[in-house]
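All chains should be modelled from the sequences, with the hints used to inform the complete structure.
Sequence order for the protein chains is H and W.
Throughout, this note's numbering is defined as the position within the first sequence, counted from one, plus 23.
Throughout, this note's numbering is defined as the position within the second sequence, counted from one, plus 37.
Do not take every clue at face value.
[To be verified] The list that follows gives simulated cross-link-like pairs (lysine-lysine, BS3-like), each with its CA atoms no further than 30 Å apart: (1) H:Lys139 / W:Lys303; (2) W:Lys594 / W:Lys734; (3) H:Lys138 / W:Lys633; (4) H:Lys91 / W:Lys303.
[Claimed, not checked] Beta-carbon label-pair distances, calculated as ranges: (5) W:Ser742 / H:Thr28: 27 to 33 Å; (6) H:Val76 / W:Asp743: 33 to 39 Å; (7) H:Val89 / W:Gln602: 49 to 55 Å; (8) H:Val76 / W:Ser697: 27 to 33 Å.
Just so you know, the hints here were simulated from the structure itself, not pulled from any lab data.
The C-beta atom is built at its ideal place from N, Cα and C for all residues, glycine as well.
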Amino acid sequence: MISITVNGTSHDVDVPADMPLLWVVRDELHMTGTKFGCGVAQCGACTMHVDGVATRTCVLPVSQAVGKQIRTIESLSTDNSHPVQRAWIAEQVPQCGYCQSGQIMAAVALLQKTKKPTDDEITQAMTNICRCGTYGRIKSAIRRAAGEA
Amino acid sequence: MDAPALSRGTFIRLTGATGAGLGLALSFPGCAPSSQSGGKDFSPNAWVRIAPDDTVTVVVNKSEMGQGVSTGLPTLVADELDASMNNVRIQFAPADPKYGDPGLGGDMITGGSTSMPDSWLPLRAAGATARAMLVAAAAKQWGVDPATCTTRDGVVYHQPSNRSASYGSLAATAATLPVPTDVPLKTPDKFTLIGKQGRRLDLTGKVNGTIIYGIDVQVPGMVYAAIARSPVFGGRVKSFDATKAKAVPGVTAVVQVSNGVAVVAKNTWAAFQGKNALQIVWDEGPNAKVSTASLFADAERLAKTHNGEHVAASRGNPDSISGTVVQAVYRGPFLAHATMEPMNATADVRADSCEIWAPNQVQLRARAAAAKGSGLPPESCTIHTTYLGGGFGRRLEADYVQEAAEVSKAIKSPVKVMWTREDDIQHDFYRPMSLNVVRGVLSGGELRSLTHQVVQKSWYRSWWPALVKKGVDPGAMEDVTDAPYAIPNFRATYIDHDHPITAGSWRAPNANWNCFVTESFVDELAHTAGKDPLAFRLALLRHDPRATNALSVAALKAGWGEKQQAGIAQGVAVTLWNGSYGVIVADVSMQDKMPKVHRVVAVVDCGTAVNPDIVVQQAQSATNFGLSAALTGKITIKGGRVEQNNFYDYTVLRMADAPSIEVHVVPSTAKPTGIGEVCTPPIAPAVANAIFRLTGKRVRELPFSDALA
Ligand code: FES
Ligand code: FES
Numbered sequence: 024m025i026s027i028t029v030n031g032t033s034h035d036v037d038v039p040a041d042m043p044l045l046w047v048v049r050d051e052l053h054m055t056g057t058k059f060g061c062g063v064a065q066c067g068a069c070t071m072h073v074d075g076v077a078t079r080t081c082v083l084p085v086s087q088a089v090g091k092q093i094r095t096i097e098s099l100s101t102d103n104s105h106p107v108q109r110a111w112i113a114e115q116v117p118q119c120g121y122c123q124s125g126q127i128m129a130a131v132a133l134l135q136k137t138k139k140p141t142d143d144e145i146t147q148a149m150t151n152i153c154r155c156g157t158y159g160r161i162k163s164a165i166r167r168a169a170g171e172a
Numbered sequence: 038m039d040a041p042a043l044s045r046g047t048f049i050r051l052t053g054a055t056g057a058g059l060g061l062a063l064s065f066p067g068c069a070p071s072s073q074s075g076g077k078d079f080s081p082n083a084w085v086r087i088a089p090d091d092t093v094t095v096v097v098n099k100s101e102m103g104q105g106v107s108t109g110l111p112t113l114v115a116d117e118l119d120a121s122m123n124n125v126r127i128q129f130a131p132a133d134p135k136y137g138d139p140g141l142g143g144d145m146i147t148g149g150s151t152s153m154p155d156s157w158l159p160l161r162a163a164g165a166t167a168r169a170m171l172v173a174a175a176a177k178q179w180g181v182d183p184a185t186c187t188t189r190d191g192v193v194y195h196q197p198s199n200r201s202a203s204y205g206s207l208a209a210t211a212a213t214l215p216v217p218t219d220v221p222l223k224t225p226d227k228f229t230l231i232g233k234q235g236r237r238l239d240l241t242g243k244v245n246g247t248i249i250y251g252i253d254v255q256v257p258g259m260v261y262a263a264i265a266r267s268p269v270f271g272g273r274v275k276s277f278d279a280t281k282a283k284a285v286p287g288v289t290a291v292v293q294v295s296n297g298v299a300v301v302a303k304n305t306w307a308a309f310q311g312k313n314a315l316q317i318v319w320d321e322g323p324n325a326k327v328s329t330a331s332l333f334a335d336a337e338r339l340a341k342t343h344n345g346e347h348v349a350a351s352r353g354n355p356d357s358i359s360g361t362v363v364q365a366v367y368r369g370p371f372l373a374h375a376t377m378e379p380m381n382a383t384a385d386v387r388a389d390s391c392e393i394w395a396p397n398q399v400q401l402r403a404r405a406a407a408a409k410g411s412g413l414p415p416e417s418c419t420i421h422t423t424y425l426g427g428g429f430g431r432r433l434e435a436d437y438v439q440e441a442a443e444v445s446k447a448i449k450s451p452v453k454v455m456w457t458r459e460d461d462i463q464h465d466f467y468r469p470m471s472l473n474v475v476r477g478v479l480s481g482g483e484l485r486s487l488t489h490q491v492v493q494k495s496w497y498r499s500w501w502p503a504l505v506k507k508g509v510d511p512g513a514m515e516d517v518t519d520a521p522y523a524i525p526n527f528r529a530t531y532i533d534h535d536h537p538i539t540a541g542s543w544r545a546p547n548a549n550w551n552c553f554v555t556e557s558f559v560d561e562l563a564h565t566a567g568k569d570p571l572a573f574r575l576a577l578l579r580h581d582p583r584a585t586n587a588l589s590v591a592a593l594k595a596g597w598g599e600k601q602q603a604g605i606a607q608g609v610a611v612t613l614w615n616g617s618y619g620v621i622v623a624d625v626s627m628q629d630k631m632p633k634v635h636r637v638v639a640v641v642d643c644g645t646a647v648n649p650d651i652v653v654q655q656a657q658s659a660t661n662f663g664l665s666a667a668l669t670g671k672i673t674i675k676g677g678r679v680e681q682n683n684f685y686d687y688t689v690l691r692m693a694d695a696p697s698i699e700v701h702v703v704p705s706t707a708k709p710t711g712i713g714e715v716c717t718p719p720i721a722p723a724v725a726n727a728i729f730r731l732t733g734k735r736v737r738e739l740p741f742s743d744a745l746a
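Okay, structure coming up:
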């Protein structure tokens, strides 16, 4: 048994130690807000916060998440009231939406570290892929959230 | 503009079994199953339901893959109905011919930017008819003339007597009334939502992770599977050893299916690990030596010998014109779709039923694939369409459905078959490679003659063979035969380059490549003629006011002809895609042998912009999608297999390279013509034309990373 703490709740899971956190959360805990896009830390669809750091969990063995605070998209709010979610809605960022859990988690981590990121800081931090090409609106939404926060 | 009458072949009747609500079904005579006779039993095509709690449910017979159709189609209903968008709910249609699109031969297809034009009249008619019945119900209750009633935001008002009633409270009565015919539709000046409503209905679930994509489907008792497919196109399993795969913790079974070997497990990760551990001997078949080089050599031979050539369009006498001759050959690569959500499907095959949950763009074909995979008749197969994590044409195929049904049948359990990104990149239906040979003749500074030969695999041949007429695949000739230019002497010819690399629809097929040729070559001709590229185009577009207008707006907004910052040049390109016009002006500089696109001005004329901000979204999306491919996108073949694996070697656009995109939507009250694709074709040539101005180098192959290396 491995014990992990996701969104403040502790879970015991019977999985191999090298199983990536993404699949533990999706298939064992059945929390599917976090997505799979590549499995090789390229796209960021699987981004969660591990002790506050935006982390690509498709390559993070669950054993390395033990004892850490794991936060997923599900933890932001129950009513879309998180400033980043509000900004995402106001700028109407999502298209297919599939990448957006990861994008939002990356943005939340960025804004926790850097209250008012410059355009360059946004571009450097936001390396997640969006095949629908919502990049311009992601940028605007981060600026908006930074202004509101 | 006159309000269009409803009677043009659209029939509306009450649906039964809607409880206390009012249900309206629409049907098209052309779409009724041919086994039925007379006009009595028409099947519903779209479906509006008004419940006592005031909710308006619209059945959407198109797939939501980001393009906003699950907002756009309900907008049409809600406007004519005078409903509040807050009360609108949607339901995706099941796979049933009665939900087929008459504009697409009755098939259920989300593609070709057809959803809005094909739904424009019927869905508005459904809303208008429902409204008329609700008004009639209120008037009856109040004993007043319906003409003295008004409606707004889901409420019927009778001002003279100061009475009002919500739609929900009237629905039951309305359902008892006769269905009126020929209810007039609103004139554009009366629209309350069309042209204004820009809010997507699917936003909230997309910012909190609750929207359900195919990958998120969970069925009680479900297991997970991954399939090892032949790396070589057309290869088959010769033998396999599952010992190591079965030793992977969590793996529960290994079964052979028609396209490979499936590893079944307790979770996705174990299935992936098990798949990697499989030892398979493949019969590679006849294609193990095919390579990109061999395919282009074949294409060149076909082009030179004109072997299998068919004339797609011809006017004047292009061979007899004398003047300055310009000739060029263009080479386009294979492209993968790389939808953000890799392919997947969940299947539950029982003795007499097959249930499928899948992100798909083709419900009836998915049902046929389910039938094939399960061995059951299509009528026993149910397709649940989830939200799609991108489509771009990839999900117009249903291969992932058939295999999921096969696995479920074999293991007698519900199963989700999940693709890795590598599976997705290497087992796609690719935008086909293309060889284009163009020849233009200039005389007196004008383009007098143009010939354009396309050598490209036909994907319609297998996907929609009826559309291939006289050897010409119209999809392969998009932006060749229908390029908007008036050239007096013109010939377009097509050679179907048959080869084993699976080909399919890829956003704006195949204008996504041909436009690069047409628009780069027109630019080249303008340069040879010593003309400004924009003025040269305008002269060729004198006959087409909408194209002329879109180009002129783009020139104005982009500051065409004005002095640019040092190191920056502009390029322009125009396309006409299924009735919509797209013009792009790109501001480009060169950085390390690669173009850097700073700013894009995109002008679109798609008729009525039903949801203006979604139109802007799609123009931005399609531009970035085309730019992504133009910069570094290519699938190459070696040893009969795809050389690329994942996003590290099939690289796609990220924020750092995404330009600022300014979209200008031409105001229009014309019928809407779709927006999901029109900006994909023109971005690559616009950038290439800017590159020419910067470097003097004419780019005749893509991606730029190869062409400029
Ligand atoms: S799925 Fe983890 S980075 Fe792509
Ligand atoms: S919104 Fe579709 S991939 Fe980002």
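Name the hints, by number, that the structure is in violation of.
Failing hints, ascending: 1, 5.
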